[in-house]
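Undergrad: Listed below, chain by chain, are the residues.
There are 2 protein chains.
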Amino acid sequence: MDIVFSYQQLYHFTYSVFKSIGCSDEDAATATTVLLSADVRGVDSHGVARLSGYVRLWQAKRINATPGIQVVHETPSTAVVDGDAGLGLVVAPFAMQVAIDKAKNAGTGWVSVRNSNHFGIAGYHAMMALQHDMIGMAMTNASALVAPTFSIERMLGTNPIAVAIPAGKESPFVADLATTTAANGKLEILQRKGEDAPLGWVQDVAGNLATDASILKKGGAMLPLGSDREHGSHKGYALGSIVDIFSAVLSGASYGPWAPPFPAYVPVPENMPGKGLGHFFGAMRVDAFRPAEKFKAHMDNWIQRFRNAKPASGYEKVLIPGDPEREMETIRMKEGIPVVESVVNELKKVGEMMGVGL
Amino acid sequence: MDIVFSYQQLYHFTYSVFKSIGCSDEDAATATTVLLSADVRGVDSHGVARLSGYVRLWQAKRINATPGIQVVHETPSTAVVDGDAGLGLVVAPFAMQVAIDKAKNAGTGWVSVRNSNHFGIAGYHAMMALQHDMIGMAMTNASALVAPTFSIERMLGTNPIAVAIPAGKESPFVADLATTTAANGKLEILQRKGEDAPLGWVQDVAGNLATDASILKKGGAMLPLGSDREHGSHKGYALGSIVDIFSAVLSGASYGPWAPPFPAYVPVPENMPGKGLGHFFGAMRVDAFRPAEKFKAHMDNWIQRFRNAKPASGYEKVLIPGDPEREMETIRMKEGIPVVESVVNELKKVGEMMGVGL
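Protein chains in written order, with full-length UniProt numbering: chain A, 1 to 358; chain B, 1 to 358.
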């Protein structure tokens, strides 16, 4: 029931939709490239499946299609960027570029962002550093779906951390992980299939471990990485909190349970302590520590040694973070990108509304 | 069977032992303060219980009691420190101070360290930033006990990440977490009691989940945070890898399975690709992002809101990272520090050998 599109087809459609809400050519191109990097890398929940959501946020006047994004505070190695309620897909690459430029001069650059919106996949932004022989980092807060350890209240988003590290002959190391046991997108897939979630992903409204994949609609919550106290959920809770604080408390965005929700039909929380969603980006020049060629040669050695670690029975090899997404990218750029029928129907509706054909 | 010592008793003894191996007054004081911060905060596995281990490493000529610690490379916001095979307990505060000094000028400071040894608890070093209204970060690699997802080979240490964030009226946020499901110290406690470990902490030599708390002696391995693939162990594996790369590949220390082991009787790996253990430290001036008073007021609000999140049935309140350790510190500074009998006996032996009474 999936319908397969070429990258070019999806690019043309998505670009046209962003143009139709008023984005400049350049912003529409950036937003499209960032959004589709998710589909291409196999993170289907964060790609075109969210396009209609962005349009609805624009209709609700919660996204500004022509933002005046600017640096509002800075030091040699830091900056705060105000996204002026722009698309996170556009605000984030702007801010990551500021981090990269800072790193060129100061060795590293660190940028906290306020007044933004959902920025697509964190990995895209972190990977911007790679071409400069820099280590890239990206994180973001998000609307609250996750209960801290010992709690039944949703206080944190799935708050991802992405780290991209350049190598020499080997492909780069690219980790991009939600600080929850499982990404929300995986729950949505199970829901669509009517299947149960494994124990340890979610809890019900009373705080009991649950398997109902649609428990979030019934007052349940997602669980931090680690699932329960005995298996280290307090660590996932701490990591998600660090992302929230770096992204939103440092910048002046809205944090914790006050993070603005992605669905336009959910009202924004009252008494928000800051502006919009927050992100945090970092860039570290590798040669701010040791000669780049030496670092990259050792990264090759690191990657080869880990790839050749003894596999457990039934597994061919040990994966390096970034391997599955890169393999998916090769396949999808060649064979096309499968989109589930319900998403295609939604895209068609958005296209009709905005006068853009899919 | 625990024997209770006052902080002063343990301080005097530990300081004298460090002096007896040749440390300067200043280094002995630093090493003692760092080491005992673990006992005081309730992380018993990383405190005096390790003192005899340090002495044995010194006897094996793998620790240099009079190191010439130096910055070997730097930019405005970065440095690489060579620890000259010194005690990590001394090298780490030196390097963290370099990060703090860099942050004073450049907004942030990032220091990667090579040629060091075990540095005690990561949290101590991260917390050094707090008095300067800075966010502190500390991580370290360690000898390989952890198998990557899909592997049966020990490739990573328990590689902790610590982040300390200042607040205003509230106590600071201090997360200090091994990137494994459970810290090795907890396994050791279960072993001593002859109890089983929960499923999800360790695997046996063939890669099957195991409950035998002494499985590491039988070729087993610890599991990354997340326990298994379905519960996100690839995320714990990625986090532990990032710590390894930042600490050791950036600095020129020995990484992955080549990280030098803590027990002096375990030979150092052959063909080590770098020098000693590696650490990574960061300091970010809060006012490099927004006025410190504003940031700290929002941190107070963050902490109060999370502390008051609805608790699950059976729990009184939601904890903020750092709460349990701070409560333990208050108790132990007043009532003394309980040390298990086997550790006391070992300390007495070390004391006799070095001519220091306990």
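Everything labelled a hint here was simulated from the structure, so no lab data went into it.
Warning: the hint list may mix true and false statements.
[As the list claims (entries may be wrong)] DSSO-like cross-link-like pairs, simulated, lysine-lysine; straight-line CA separation at most 30 Å:
(1) A/186 / B/310
(2) B/169 / B/348
(3) A/275 / B/61
(4) A/193 / A/217
(5) A/275 / B/218
(6) A/294 / B/61
(7) B/169 / B/19
(8) A/275 / B/19
(9) B/19 / A/61
(10) A/275 / B/169
(11) A/310 / B/310
(12) A/275 / B/317
(13) A/217 / B/317
(14) A/218 / B/275
(15) B/296 / B/310
(16) A/349 / A/186
(17) B/275 / B/218
(18) B/193 / B/218
(19) B/296 / B/275
(20) B/61 / B/19
(21) A/169 / A/334
(22) A/317 / B/217
(23) B/186 / B/294
(24) B/218 / A/317
(25) B/61 / B/217
(26) A/310 / B/186
(27) A/310 / B/317
(28) B/317 / B/169
Undergrad: Any hints from earlier that this structure breaks? Give me their numbers in increasing order, please.
TA: Failing hints, ascending: 2, 3, 5, 7, 8, 9, 11, 14, 19, 23 and 27.
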